[in-house]
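Quick mapping for you: the protein sequence lines, in order, are chains A and B.
Everything in the first sequence is counted per the numbering used here, starting at 2 for the first residue and increasing by one.
Everything in the second sequence is counted per the numbering used here, starting at 2 for the first residue and increasing by one.
If you are wondering where the hints come from, they were derived from the structure by calculation, not from laboratory data.
If you're wondering where the values come from, they're calculated on a predicted model, not measured in any experiment.
Each hint should be verified, as a subset may be incorrect.
Said to hold, decoys possible - Partner residues aside, some chain A positions facing chain B, computed with beta carbon under 10 Å: (1) T19; (2) D43; (3) L47; (4) D69; (5) S70; (6) A93; (7) H127; (8) A137; (9) T162; (10) R165; (11) L180; (12) L181; (13) A219; (14) P238.
All C-beta atoms in this analysis are idealised placements derived from N, C-alpha and C, irrespective of residue type, glycine included.
Number of protein chains: 2
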Amino acid sequence: MKPFAGRKSDSVSALGETRLIEAIRGWLGEVSPPSPFGIGDDCAVLAPCPRRQLVTTDPVIYGRHFDDSVPPAAVGAKLLKRNLSDLAAMGARPTAAVVALAIDPRVATRWLELFYRGMAAAAHRHGVAIVGGDVAQGDSFLGAFLTLFGEAAGSRVLLRTGARPGDWIYVTGKLGGSLLGHHWRFAPRLAEGRWLAGRPEIRSMMDISDGLAKDLHALTPPGACPAIEPAAVPVSPAARAFARHTGRPALHHALCDGEDYELVFSVARRADRAALARAWHRAFPRLAITCIGRFAPPGRLPPGSFALGSLHGYEHLR
Amino acid sequence: MKPFAGRKSDSVSALGETRLIEAIRGWLGEVSPPSPFGIGDDCAVLAPCPRRQLVTTDPVIYGRHFDDSVPPAAVGAKLLKRNLSDLAAMGARPTAAVVALAIDPRVATRWLELFYRGMAAAAHRHGVAIVGGDVAQGDSFLGAFLTLFGEAAGSRVLLRTGARPGDWIYVTGKLGGSLLGHHWRFAPRLAEGRWLAGRPEIRSMMDISDGLAKDLHALTPPGACPAIEPAAVPVSPAARAFARHTGRPALHHALCDGEDYELVFSVARRADRAALARAWHRAFPRLAITCIGRFAPPGRLPPGSFALGSLHGYEHLR
């Protein structure tokens, strides 16, 4: 669905700002708390928080993160889910969000309604209150910028740092080919992230947004390099399908495509990995975790593995 | 200064995303806490907060909130100050912020450096930590979206609701003509807002961003209308200067221009207003507060006053 209206009467400019904000509150429905705890005052008021808090921000921009082929409700859900994936990556629980819109006045009111309803449904599913926002004009532009708050679910939050040389590298799910639909159909790994943050043998974690080849650098401890066993990498069916079109190896897509929104995490070198696998399977019988390699000292790669570093993920601003 | 570079080598596309984010951390300097309390992990980690918290979001967009005539450092400061003004309007204290950028790859690195350094200087002045952000590509677009957190400074936060018929209407400072420079030179009324929130005779408050004529509706209690005494409205010298260009009355500019970032608040009908004026003057000898009218029952306007409602402030998306 195209986000721009053919007729002015169907566009947000016909509605005007005041009525648009009223409409947005209606579309958000029960995930929009009453003022001053939601939209309607200079700021939104949030309750005190006795736990460590987390905050992250990610946008969706027309032409970058979605196009006419993505249903508007899925765009709204994707906006929230991208941010939820960042909270999942630290093992935290979401609480509230604000959304700043920058839109061309020709944007169709109906498109925006479906966008907000899709976001509201995702917010309801994950217990997120949409407490505020802003609407500004952006000529020939359509973007929404969400800032998400959360709180630590247990005694620790999992950082990107913490892995040591020799630790194992694991991923959830399967990787690659997200452009074929996974980039908006994915489910953020919130329960999985919280579960992993509660396991002491997990040393560090992040989500895969720009592609494992690029993102894994942030998890790599000083004095080591990520040694990946190619046959172990869980290549998604979408990566294989995509590879038939591009002529590149499916493995390349699994490592470089980005927008997987899976978790990558390190497991302590001496951990009981069989026990971890059994416990995981009991907790999440429908989602696999896969050991794809380890952080090896440079020049001492295990036989059959390759040093990730020659490949690149998605580079922005290029 | 134009935000777009003449040569590709001077643009952010020459820098690339990874180096740009490193550069941003450098430009922010000491207002950028180390990871995970700042930029560098999936989320930023914030301390627990025993007080009620506040959150607000406002952007600056090229062509809407600034143009080539505004120094880039002032654009960065304005982005933060717009949000600080929302916190001031509730009598709260700022703590931390995140900033999402959407930029054309042709944006000049030097422009962006001055923008971030200006924001950092304002953040330092007001004790705000810039804890996170995002950089996304927006073709032919330049906008920055800031979300600001704060906490209640005292036992209450001042809402927009709370005024009663008969209450007095006050404003800080002078109004109008912000386009001549005040829209980026203003100082958010943080100390003043906290002081007012501590005075029990103040019943409600907001900041003036779209013009008093429009904003005051949100402060008006049901069954009343804002009766303004024209001669009492503090018209700024800029409103008078602007009026000479536009041919409109200076009072019109004072009531309708917007971007005043002054506070408008209601004072209880039976308050000791002389005592309030004395206490204010002791606390803020260099800034005036002015009573401009009261919330009158409709049809019972005090002699010489007019009902605000026939005039309009700045309407977005038109």
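Hints, verified against the model:
Proximity of T19/A to chain B holds as hinted, the smallest CB-CB distance being about 8 Å (cut-off 10 Å). For D43/A, the shortest C-beta to C-beta distance to chain B is roughly 4 Å, which falls under 10 Å, so the interface hint holds. Checking L47/A against chain B: minimum C-beta separation of about 4 Å stays under 10 Å; hint holds. With its C-beta approaching chain B no nearer than about 16 Å, D69/A sits outside the 10 Å limit, and its interface hint is violated.
Given the 10 Å rule on beta carbons, the hint for S70/A is violated: about 19 Å separates it from the nearest Cβ of chain B. With 10 Å as the threshold, the beta carbon of A93/A comes within range of chain B, its nearest partner Cβ sitting at about 7 Å, so the hint holds. For H127/A, the suggested interface contact is broken, since its CB lies about 15 Å from the closest CB of chain B, more than 10 Å. Interface restraint check for A137/A: the shortest CB-CB distance to chain B comes to about 5 Å, inside 10 Å, so the restraint holds.
The restraint placing T162/A at the interface with chain B holds, with a minimum CB-CB distance near 8 Å, inside the 10 Å limit. The criterion of a C-beta within 10 Å of any C-beta in chain B is not met by R165/A, whose closest approach is roughly 18 Å, and the hint is violated. Residue-level restraint check for L180/A is violated (minimum Cβ-Cβ distance to chain B is 17 Å; threshold 10 Å). A distance limit of 10 Å between C-beta atoms decides the matter here; for L181/A the minimum to chain B is near 22 Å, and the interface restraint is violated.
With its C-beta approaching chain B no nearer than about 8 Å, A219/A sits inside the 10 Å limit, and its interface hint holds. With a cut of 10 Å, the hint placing P238/A at the interface with chain B is violated, because the nearest CB-to-CB distance is about 27 Å.
Consistency with the previously given hints fails for numbers 4, 5, 7, 10, 11, 12 and 14, ordered from lowest to highest.
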